[in-house]
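So the sequences go chain by chain: Z and V. For what it's worth, my numbering labels the leading residue of the first sequence as 1, then goes sequentially. For what it's worth, my numbering labels the leading residue of the second sequence as 1, then goes sequentially.
Simulated from the structure, these hints should not be mistaken for lab results. Some clues are possibly wrong.
[Said to hold, decoys possible] Okay, derived cross-link-like pairs now, DSS-like style, lysine-lysine, Cα gap no bigger than 30 Å in a straight line:
no., chain 1, residue 1, chain 2, residue 2
1, V, K107, V, K34
2, V, K9, Z, K433
3, V, K207, V, K309
4, Z, K433, V, K4
[As the list claims (entries may be wrong)] Footprint (simulated), chain Z over chain V, 3 or more residues, beta carbon under 8 Å:
no., region
5, 7–16
6, 21–33
7, 63–76
8, 81–91
9, 164–174
Ideal placement from N, C-alpha and C gives every residue a C-beta, glycine not left out.
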Amino acid sequence: MVFSSLTFLFAFMPITFILYYLVPLKAKNVIIMISGIVFYAWGEPLYVFAMLLSTAIDYCAGLLMHKYDDNPKIRTACLIVSLLMNLGLLGTFKYLGFIINSVNAWFGWEIANPNLPLPIGISFFTFQSMSYTIDLYRRNIKVQKNPVSFIGFVSLFPQLVAGPIVRYEDIQNEIDNRTITEKMVGDGICRFITGLGKKVLIANNIGMLWTTIKETAGFDYTQLSTVTAWLGILAFTFQIFFDFSGYSDMAIGLGKMMGFNFPENFDYPYMSHSVSEFWRRWHMTLGAWFKSYIYIPLGGNRKGLARTIINLLIVWTVTGIWHGASWNFMLWGLYFGILIVLERLFLGKVLEKIPPFFSWLYTFVLVVFGWVMFDAIDPTTVDIGVMFSQVFTYIGALFGANGVFIDNTAFSAIMNYGIIFALCILGSSDLIKTFSNFIRNKAPQWMQYGIPVVQLVVMLMSIAYLSTASYNPFLYFNF
Amino acid sequence: MNFKMTPSKLMIALFAIVLLAVPIVTIALPKQEKSENENRTLAKFPSLINQTKMDKAESFGDVIGAIRWDYITVRDKPSFMDDIETYFSDHLAGRENWVVAKNNMEKLVGKQEINGVFTIDDQMIQVFKEYDPEDVQINMDGMVKFAENHPELPCYLMLAPTAQEMYYSRMPSYGGYLSQKTFIDECYKNAGSVKTIDCLSYLSGHKDDYIYYRTDHHWTSLGAYYAYCAAAKALGYTAYGLNEFNIESVSSDFHGTLYSKTLDSGVTADTIDYYHLKNGEPKVTMTADDGEAKTVYDSLYVRDFLKVKDKYSSFTGSNVPYIDIETDVDNGKSLLLVKDSYAHSLVPFLAKHYSRITMVDLRYTSGSLERFLDVNDYSQVLFMYNVSSFAGDTSAGEIMLTK
Chain Z
1 MVFSSLTFLF AFMPITFILY YLVPLKAKNV IIMISGIVFY AWGEPLYVFA MLLSTAIDYC
61 AGLLMHKYDD NPKIRTACLI VSLLMNLGLL GTFKYLGFII NSVNAWFGWE IANPNLPLPI
121 GISFFTFQSM SYTIDLYRRN IKVQKNPVSF IGFVSLFPQL VAGPIVRYED IQNEIDNRTI
181 TEKMVGDGIC RFITGLGKKV LIANNIGMLW TTIKETAGFD YTQLSTVTAW LGILAFTFQI
241 FFDFSGYSDM AIGLGKMMGF NFPENFDYPY MSHSVSEFWR RWHMTLGAWF KSYIYIPLGG
301 NRKGLARTII NLLIVWTVTG IWHGASWNFM LWGLYFGILI VLERLFLGKV LEKIPPFFSW
361 LYTFVLVVFG WVMFDAIDPT TVDIGVMFSQ VFTYIGALFG ANGVFIDNTA FSAIMNYGII
421 FALCILGSSD LIKTFSNFIR NKAPQWMQYG IPVVQLVVML MSIAYLSTAS YNPFLYFNF
Chain V
1 MNFKMTPSKL MIALFAIVLL AVPIVTIALP KQEKSENENR TLAKFPSLIN QTKMDKAESF
61 GDVIGAIRWD YITVRDKPSF MDDIETYFSD HLAGRENWVV AKNNMEKLVG KQEINGVFTI
121 DDQMIQVFKE YDPEDVQINM DGMVKFAENH PELPCYLMLA PTAQEMYYSR MPSYGGYLSQ
181 KTFIDECYKN AGSVKTIDCL SYLSGHKDDY IYYRTDHHWT SLGAYYAYCA AAKALGYTAY
241 GLNEFNIESV SSDFHGTLYS KTLDSGVTAD TIDYYHLKNG EPKVTMTADD GEAKTVYDSL
301 YVRDFLKVKD KYSSFTGSNV PYIDIETDVD NGKSLLLVKD SYAHSLVPFL AKHYSRITMV
361 DLRYTSGSLE RFLDVNDYSQ VLFMYNVSSF AGDTSAGEIM LTK
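The following block holds chain Z by itself, in its conformation from the complex (with noise of 0.2 Å):
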């Protein structure tokens, strides 16, 4: 199920909370875990098994490390299974496709494809739930003997599928006891209004001009004019943020809705002013994740410098392939390693010595030529030439490549989207949490009442696009 549907807001979301508020807390988890598996279920029928499978591996290796305490061997043991499997279940569904369609591309080789689904946030809820047995392992946490609390964590229906990574160290504390206040509730309705309509109000509606662009070009970028190509890769920079972030800051609502509170995942990274910033503020509970589980213990910076860059390549590498199994999102996660080892090195020094516009500019236009890696590459093709061929003509085409400075698709879209465009950078920017601050903290008592008011024009036009999906006239009546 995905929270910006209708089932999730008039269907799921009623009869879960009323439950959840209903009973007294010790049942609490019980609702949140029924919930949890059929919010998951009503997406992914068969494969909530897997995630079933995963939780109760987990769990069971989490008791056995518990009670033998005092054997390493055991404990190594537990672990390695517990590991095994979430990377076993993770590269079943997720690479085993890629892998064998390109063995199969570079050998000749006619392996079959089983083409396997990829089963909804199997990437998310593999992390979350490999989190608690590395921390148990390192002795960060407490064991969860409870089987509800622990399903109840994994299955925790608003991290479940989309991020942000809740790790099981974020909220050990809250999964057995916790209190939920009036102001909690408050704040999450409010969070989780500003997430559905960054969703549904900016994402998808700056995204259609992206596809549309996109489809029209067919991969083939040759065509499109300059002014064209940077609508069509900044459509898709604010799509991709204004997706992310809404659905982390519905989840981040919902969970305090449900007396939780989740890490951050997005603090404006489009004001960073150099690429490791952008990546300290971008998908925040990502990087944290790999920072603590494959950095580290490969010795962080700590073994020298050259170490150090490898460690940082092997981390990047690794990010850009857990986002998909394509080449393209490889190559996306090794050119923001490249960046960031350059920015170590010494251009983060010069950033800081130039003009703060100029290092902003900088960061900016390097993370859109990133989302022409990420967005604008024919994710099946398995052949680096031909992937490389798009970067470049897209990139390309960014510069004047083409011939074309600006063209009638450049003006529909600034005629047709100059208005959403311009909301997007307001968003992007930190400047409406500017103004709401200063109405929560300095203004008079009764402009506050003005939030709620405003949340509530947000949601109605939010309900309005979700609703009128299926609308669809037919010129003559369809048989």
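For chain Z, the structure is supplied; the task is to place chain V on it using the hints.
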């Protein structure tokens, strides 16, 4: 009681009201089967149970077996869960109000088209921006081949422009809107032995008149009249003058298909006019054959449709595969009219010049036409389509299936 309203409480209250009121009202309201504006049946509540199996079920195992598990787990087709969402969306309380609200927001942020409709002044325009040249080729080839196979039978083609062509110069040049004149000229160049009829210049000459409905994608009776003038000249008879007609306005609150797409009530509702000869209309017998049953009328106007939304269908009834019209015009001439719905308001004019007209809508026929008619019975064949529907599907090419 010591109740103090806080911003948080207000937020919770507003949120809860929306979240509860919408589903409750949705459930409470009677469900509609059909959406008149959308011209389609709305989704039914999906069922997970195979009723025939369930009726026969004798054991618990049979009951389990009667559940449509594949409907739950299917991935490449809409599953039970997808259909639930569609059902919700189709029956949501205040559905059309949400659509109006959304369309107004779209306009507010500068979207120039709503659902493929461009509104300029007081006129809605169904936009014509792209088509598949291969489809057009199939249609043209079909007609040309038909004409070659019937050298003794004069064949004509009349492509009607849509309202966009009248406003073409005023629509944004960057919008990707296509010139229908260019489109028609291209088609006519490839028409082979099919004689072409230029109704565009007749209509363009009256572009400031009320020749297209404001809220519908069809032409008005007046628009059809000018096309009739063009057709009459090519088909070899003299068109009646406008002053020879009495105009009967049968409806002044017609909201057409383009209104349905936008639900924009800012555009003035349309008037439907019937044109009757002052000297008396020919007597007609019209037989509509929807493939299953035949209905016989003694008029070209089916006035029952004036009471419902789809008022344009009062011209010779809604689209069916065959309509056979016999008149008391005693000249022995007969016309096979292969057409789309634009022909419906044209036929009352043409009917004054033929003993018999058979209208065929190839979009709704299947297989050979011979089962229903013999093309050798006719003295003329007229292909009549508007640009948008001609470019939009390949049914006209199916005429080739005729021997």
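Each hint, compared with the structure:
no.	hint	in the structure
1	V/K107 with V/K34	28 Å, holds
2	V/K9 with Z/K433	21 Å, holds
3	V/K207 with V/K309	27 Å, holds
4	Z/K433 with V/K4	26 Å, holds
5	7–16	holds (count 8)
6	21–33	holds (count 3)
7	63–76	holds (count 3)
8	81–91	holds (count 7)
9	164–174	holds (count 3)
When held up to the earlier numbered hints, the structure conflicts with none and fits them all.
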